[in-house]
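Asker: As a plain string of letters, each chain reads:
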Amino acid sequence: MDWVGDFWIPVIKAVVIVVALLLGGAYATLWERKIGARFQVRYGPNMAGPFGLLQPMADAVKAIFKEEVNPGHVDRLLFVMGPGISYAAILITFAVIPFGPQVEILGQEVSLGMGDISVGLLYLMAVAGLGSYGLVLGGWSSNNKYSLLGALRGAAQMISYELPLALALLAVVVIVGSLNVSTILDFQGDWPMIVLQPVGFLIFLVAIIAETNRSPFDLPETENELVSGFMTEYGGIKFALYFMGEYTAMVVNSTIIATIFLGGWKWPALISDLHPLAGVALFLGKVVFVLFLYVWIRTATPRVRYDKFMRFCWKFMVPLALINLAVTAVVVALV
Amino acid sequence: MLKDSIIGFWQILRSMGVTLRYFFSKPVTVQYPKEPVRLYPRFRGRHELRHYEDGPYEGLERCIGCSLCAAYCPTQCIYVYAGENTDEVQRSPGERYAEIYEINLLRCMFCGYCEEACPTGAIVMRREFALADYSRESLIYTQERLLEPTTPHAIILDDGTHHDGVHQNRGHRDPLPENA
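Taken in sequence, the protein lines are chains A and B. Okay, so the first sequence: first residue is 1 according to my numbering, each after it adds one. Okay, so the second sequence: first residue is 1001 according to my numbering, each after it adds one.
In case anyone wonders, no lab produced these hints; they're calculated from the structure. All the pointers check out, no bait thrown in.
Taking lysine to aspartate or glutamate and the DMTMM-like style, the derived pairs with C-alpha atoms no more than 20 Å apart in a straight line are:
id, chain 1, residue 1, chain 2, residue 2
1, A, Lys13, A, Asp116
2, B, Lys1026, A, Glu32
3, A, Lys315, B, Asp1004
4, B, Lys1034, B, Glu1128
5, B, Lys1003, A, Asp307
6, A, Lys13, A, Glu104
7, A, Lys308, B, Asp1004
8, A, Lys13, A, Glu109
9, A, Lys308, A, Glu162
10, A, Lys34, A, Asp59
11, A, Lys145, A, Asp75
12, A, Lys13, A, Asp2
Label pairs and their in silico Cβ distance ranges:
id, chain 1, residue 1, chain 2, residue 2, range
13, B, Ala1130, A, Leu54, 26 to 34 Å
14, B, Asp1133, A, Ala281, 51 to 59 Å
15, B, Lys1003, A, Asp307, 14 to 22 Å
16, B, Ile1007, A, Gln108, 54 to 62 Å
17, A, Arg305, B, Ala1130, 42 to 50 Å
18, B, Asp1004, A, Gln108, 51 to 59 Å
19, A, Arg311, B, Asp1133, 54 to 62 Å
20, B, Glu1116, A, Pro71, 52 to 60 Å
21, A, Gly129, B, Ala1130, 53 to 61 Å
22, B, Pro1027, A, Val195, 30 to 38 Å
23, B, Lys1003, A, Lys145, 33 to 41 Å
24, A, Val195, B, Ser1015, 22 to 30 Å
25, B, Leu1013, A, Arg305, 19 to 27 Å
Listing some non-contacts, in silico: residues in chain B with all C-beta distances to chain A over 10 Å:
id, residue
26, Glu1048
27, His1051
28, Thr1086
If you're wondering where the values come from, they're calculated on a predicted model, not measured in any experiment. Positions of the beta carbon are idealized from the N, C-alpha and C atoms, including for glycine.
Same shape as in the complex, but just chain A (with noise of 0.2 Å):
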């Protein structure tokens, strides 16, 4: 067995991978403040170190400082479960996300990206269904009525807009005609799939918004203002592991919506052979305008409301993505 090759470069890539990933997930939360700031026309933190760079660490040193509190009437494995759950099906969606092209590290030849999974959109979607657990189970160990009608709620709201999420990534698939993303990626050289497909575009950015419970659809967690909800008993490390989680889904989800729509590392191509580094630094770039996409969103739009949102996923987001996936197909026939 390559010792080098197949234990300690994945091993060390994973490693790097999750420590990049939580701290994006830590400063996602200081980009929403400082960037919805800037729309409302005010500063964002920006006394805890230079531009309020260290005011991540600040909030986590506080939340390590907070007493854990373990109500007594929760069920304790579940209560403890829940959080991290939630965040280790985040943390394992970035596995077939490629950020980079090959490079050459200290002579070793390492691709840039965890694995290259022939039904990467399967595992996608799959993981996605997982991160609903953490939730549901959060509401349900709380044994808390408000809790547990906040957790069936948000898990409703997230297994419902898998759907129109699955039939967008469907067309993209016909197009296509591979699950893998890589080679989704590597159709994009000419054209980002946004261009082939800007309805399928539109259709899964709604859709991945109400996923990860954010902006005009955070109703279960930010009735009453974020507590009542699932998170009504959480306090200290485990609130802020589920906040974390929640901007970690966010960061996770520009992943992909920026490799499968935007062109990922490769797409303009004369950006991205420049350099091996370059098509890195274009894929942060794309992470960050659909960032800049979230935050834009959040501070535009009014909140909706629940059954509203629910119609809207049944009776408008899925027979419109039906509608799409029939027209690319039938599309894709003539051509």
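Go by the hints and put chain B onto chain A.
Answerer: Chain B alone, transformed into the frame defined by chain A:
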């Protein structure tokens, strides 16, 4: 449903345009301790007991101990005890001066009525607003403290009135009856 969604989509795009326009404008936050606050001339801050700067009574205190400010104050936070001017000690023009003059800043609501009521322009409201302190007793401002000038960390904006911060709608009246 379809028509609503299309209209809704367009409305969302419009609101996103509005927020984007504000994204590129300068934030209005004043970083207070580093930057001074911008105040208008008639801002009512901490009180000050004045003296006469010039004229025949230069150097004397303006306060004549009449207690009109205390009478007019809605929260009754001013306490005035008048003393009589003698031949040796004359602190104010006229017969009386304020021997004890205290304002309870915890009760004061900074309405400015005392300033309007005062016949000589003794008690005025300056622009000092950073008044926090560590004990309740220290916030009952005695005469000595009220005589101190104020140092507000502020810029006074110009609203075109050349107001110096003293609400005196009586002009500079001379308190002595023989000079009225």
